[in-house]
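Asker: Chains as they are written, first to last, in the working numbering: chain F, 1 to 112; chain G, 1001 to 1111.
Treat the hints with care, since some could be wrong.
Claimed, not checked - For the chain F half of the interface with chain G, some residues (derived, Cβ under 7 Å), not all of them:
#1 G42
#2 P43
#3 D56
#4 D57
#5 P61
#6 F103
#7 S105
In case anyone wonders, no lab produced these hints; they're calculated from the structure. For every residue, glycine included, the Cβ atom is placed at its ideal position computed from N, Cα and C.
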Amino acid sequence: EAGVAQSPRYKIIEKRQSVAFWCNPISGHATLYWYQQILGQGPKLLIQFQNNGVVDDSQLPKDRFSAERLKGVDSTLKIQPAKLEDSAVYLCASSPNRDGYTFGSGTRLTVV
Amino acid sequence: GENVEQHPSTLSVQEGDSAVIKCTYSDSASNYFPWYKQELGKRPQLIIDIRSNVGEKKDQRIAVTLNKTAKHFSLHITETQPEDSAVYFCAATAGGFKTIFGAGTRLFVKA
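Just chain F, with the same shape it has in the complex (with noise of 0.2 Å):
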């Protein structure tokens, strides 16, 4: 099967600038998560989609962060502006059944 897709791998902007990322799920999964990694930390969950609707955007910081999912599959992640401390990996996940998902390669941002 194949696996979780994400483009760019690799991104190098300046502050204050708009960057998105984009995220196709294994086919069939339902589930699809956002997640940042900061270099040294464990995934911190931004959030998670069911289908097409948001089940968790808590920890999404609503005001420079956005994500959509049309059509329940692809999804995207934007970010604007951003700031230096958004440098980290961002990598997109998707599960069938909400358990044990799947993470795709990762997009390495970098913020300048």
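We have chain F already, so just place chain G on it with the hints.
Answerer: Chain G in isolation, oriented as in the chain F frame:
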């Protein structure tokens, strides 16, 4: 807020020895506990998981134990090999929502 504490942060063992990583969680509603292995520069990968209705689960050299009363669970790796070297993360999930990860344990297996 809810959290998951993981210990130790770094663990160094000799090849062939056992390694044990422990986690405690605070949300009593947690009912699913996965463990992930992350090699340098790669994605976390699920290696084993356990649900709250089970006390222990084993898969070859890897085992996980769960003590719901004490709210802690542990990963046991026996006969460690150099390729086991990685960062290991525990996590706790309540009802399919709010998965919280531990801070990770960096395991070094010395040949």
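Asker: Each hint: holds or not?
Answerer: Quick rundown of the hints versus the structure:
For G42/F, the interface hint holds, since its Cβ comes within 7 Å of a Cβ in chain G; the closest pair sits about 4 Å apart. The beta carbon of P43/F is positioned within 7 Å of a beta carbon in chain G (closest approach about 5 Å), and the interface hint is therefore held. The beta carbon of D56/F is positioned within 7 Å of a beta carbon in chain G (closest approach about 5 Å), and the interface hint is therefore held. Interface restraint check: D57/F against chain G, minimum CB-CB distance 11 Å, threshold 7 Å, status violated.
With 7 Å as the threshold, the beta carbon of P61/F stays out of range of chain G, its nearest partner Cβ sitting at about 16 Å, so the hint is violated. Look at F103/F: its Cβ gets to within about 4 Å of chain G, closer than 7 Å, so that hint holds up. With a cut of 7 Å, the hint placing S105/F at the interface with chain G holds, because the nearest CB-to-CB distance is about 5 Å.
In this structure, the earlier hints numbered 4 and 5 are contradicted, and the remaining ones agree with it.
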